[in-house]
Amino acid sequence: MLEVRDLAAAIGGRTLVSCLDLKLDAGERLAILGRNGAGKTTLLHTLAGLRAPLAGEVRLCGEQMSALAPRRLAQLRGVLLQQQIDAFPASVLETALIGRHPWLERWAWESTADARAARQALAAVGLAELELRDVHTLSGGERQRLAVATLLTQAPRLALLDEPLSHLDLNHQIAVLELLARRTRDDGMGLVMVMHDINLARRYADRALLLFGDGSAQCGPVAEILDAPTLSRLYGHPLRRIDAGGSDYFIPE
Amino acid sequence: MPTRRRALFVIAVLLAAAVLSMGGALMVGSYAVSPADVLARLLGNGEGGGGDVVLGLRLPRALAAFACGGLLALAGALMQVLLRNPLADPYVLGVSGGAAVGALAAMLFSLPLIFVHGGAFAGALAAMLTVFGLARGDGSWTQSRLLLTGVIVAAGCGAAVALILSIAPEQKLHSMLFWLMGDLSHAGSPWPALVVAAIGLALVMPLARDLNLLARGDLVASTLGVKVRSLRAAVYALGSLLTAVAVTTTGSVGFIGLVVPHLVRLAIGNDQRVLLPAATLAGGALLVVADTLARTVIAPQQLPVGVLTALLGVPVFLYLLSRQPKGGRE
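Same order as they appear, the protein sequences are chains A and B.
With my numbering applied, the first sequence covers 1 to 253.
With my numbering applied, the second sequence covers 1 to 330.
One or more hints might be untrue.
Unchecked claim - Ranges between beta-carbon positions, derived for each pair: (1) A87/A x V314/B: 21 to 29 angstroms; (2) A67/A x Y319/B: 22 to 30 angstroms; (3) N85/B x L132/A: 42 to 50 angstroms; (4) S230/B x R116/A: 29 to 37 angstroms; (5) L134/B x S111/A: 28 to 36 angstroms; (6) A202/B x R185/A: 20 to 28 angstroms.
As the list claims (entries may be wrong) - If you want the footprint, here are the derived chain B segments under chain A, 3+ residues with CB under 8 angstroms: (7) 175–182; (8) 215–221; (9) 233–244.
Read the hints as simulated data drawn from the structure, not as lab findings.
Ideal Cβ placement from N, Cα and C applies to all residues, glycine included.
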């Protein structure tokens with residue numbers, strides 16, 4: 001589904017990723033981990049076609065990403081951005097419905113089928129009762145879940161999420177990750193998540209991509225690649241592995 | 001959820017309001033004309049001296065007011081999306097400042113009226129191109145860069161206007177001040193403004209849903225398939241051109257471009273597919289009403305219409321501002 005060959009990405013003249021090869025199949029989940037400023041968001045935006053790569057190529061569903069028309073690209077891949085901007089008042093339902101934009105013809109208005117899709121997505125993130133509320137009245141966590149609902153309404157083949165868990169309390173973190181896992185399993189959606197929680201990444205991703213910030217990166221199945229020495233080097237802080245009855249957890253020293 | 005039926009209803013109501021405002025403008029004045037007479041004149045079969053007043057004086061002026069009100073409200077709505085700021089107006093990027101310099105310079109040299117209009121349009125275009133060229137700079141086109149460039153150009157134009165006013169002979173000051181405040185008594189033919197308003201609306205309507213996304217941020221819009229760079233450039237160029245045509249026709253009438261999109265948004269929400277045509281109609285109707293008041297409240301003397309829109313606009317705007325949720329959340 002997503003194929004990356006010899007990719008390099010830079011921001012502000014600093015090369016953060018170089019010579020990256022990556023392949024993501026349908027129904028696969030990838031977590032991107034790394035320190036602040038290591039290039040996680042830059043890489044995610046490059047994978048999403050929001051910024052041009054410095055070198056190399058990104059292919060999506062067999063096609064060169066830069067050759068895809070914007071509308072077609074928006075039908076294939078969805079992005080959850082780190083920040084949501086609400087300069088103008090809008091209802092929760094209207095906000096979820098913008099996910100249908102790439103699917104609507106120029107003069108078409110949202111149909112009842114579109115509204116049904118948006119309402120299902122809102123219900124899936126627990127916002128069904130708030131559909132008429134102004135987005136300005138939502139809490140940070142509610143706004144974040146609304147962004148997830150907008151992405152689900154868009155129904156892309158590949159979902160790229162930049163810190164999907166920010167502002168979420170514990171139960172909603174798990175609920176959102178379970179929801180995304182279900183979508184990948186049932187619909188064959190590809191999933192790429194920038195994350196900060198190693199333990200949740202280990203539990204909800206198949207593979208992890210570690211960005212060290214100096215251009216080097218490591219990628220592999222979570223069970224193999226996530227170990228204490230590597231993670232300690234990744235974050236520049238010692239981590240310890242704790243065995244808790246069959247499952248392992250990493251905690252900072 | 002936005003529906004087409006609701007949009008058509010809103011547009012129908014505002015069309016009716018626009019027709020009523022035009023009817024009122026044709027009837028009211030120092031020479032009162034009955035509704036039946038107005039209708040007869042418009043159909044071309046009335047008799048007596050009222051025909052010249054209705055068809056020759058009031059109709060062109062009311063049409064010019066309608067067109068310019070519509071242009072300003074539409075341009076204001078576009079600028080608010082472009083700058084992602086509900087408090088932006090068509091003048092914030094310096095277009096009216098440039099127009100004022102051109103128009104006042106023509107008046108200073110006692111050039112005929114056509115040069116005042118021409119100077120205003122040339123000045124508006126010059127300001128627009130200056131801001132466009134400078135704000136692109138390194139190609140980043142950021143929000144704050146555009147806004148800052150516009151504000152600085154507007155400030156420079158303000159200084160030039162003050163300079164012209166301070167060296168202008170006294171007998172010219174009156175007409176200069178009227179121009180600056182916005183005045184319809186020298187509007188000339190309403191047709192260019194009407195045609196531009198219609199074309200402008202026809203050009204933006206296919207982009208209305210893209211604009212809904214642009215209002216939510218450039219990145220969000222790109223993730224959902226909007227060609228952000230070209231859309232922003234198009235909206236900027238169109239918004240500035242509409243403003244230039246409006247100020248060329250009537251001078252810088254204030255507050256229509258700021259308050260009307262805002263009021264319409266409060267009433268029907270921020271869906272540009274409804275907001276853009278609704279604001280155009282409401283802005284037109286409001287300026288027709290304001291101009292009718294401007295030439296009747298202290299008749300036979302006429303007020304510049306900009307004074308009335310400001311007198312109406314300032315309290316409304318302050319009220320709206322005080323209702324704005326602070327810091328994004330209530």
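Hints, verified against the model:
1. Distance hint check for A87/A and V314/B: the Cβ-Cβ separation is about 23 angstroms, which falls inside the suggested range of 21 to 29 angstroms.
2. Distance hint for A67/A and Y319/B: a CB-CB separation of about 52 angstroms, inconsistent with the stated range 22 to 30 angstroms.
3. Separation of N85/B from L132/A is about 25 angstroms and departs from the stated range, judged on CB atoms against 42 to 50 angstroms.
4. Range check, S230/B to R116/A: Cβ separation about 33 angstroms, and the 29 to 37 angstroms hint holds.
5. For L134/B and S111/A, the Cβ-Cβ distance of about 44 angstroms falls outside the hinted range of 28 to 36 angstroms, so the restraint is violated.
6. Under the hint 20 to 28 angstroms, the C-beta atoms of A202/B and R185/A, about 48 angstroms apart, miss the expected range.
7. Closer than 8 angstroms: that is the beta-carbon criterion, and the segment 175–182 of chain B has 0 residues meeting it against chain A, so the requirement of 3 is violated.
8. For the segment 215–221 of chain B, the stated coverage by chain A holds: 5 residues have a C-beta nearer than 8 angstroms to a C-beta of that chain, and at least 3 were required.
9. Using a Cβ-Cβ cut-off of 8 angstroms, 0 residues of the segment 233–244 of chain B lie near chain A, which falls short of the minimum of three, so the contact claim is violated.
Violated hints, in rising order: 2, 3, 5, 6, 7, 9; the structure is consistent with all others.
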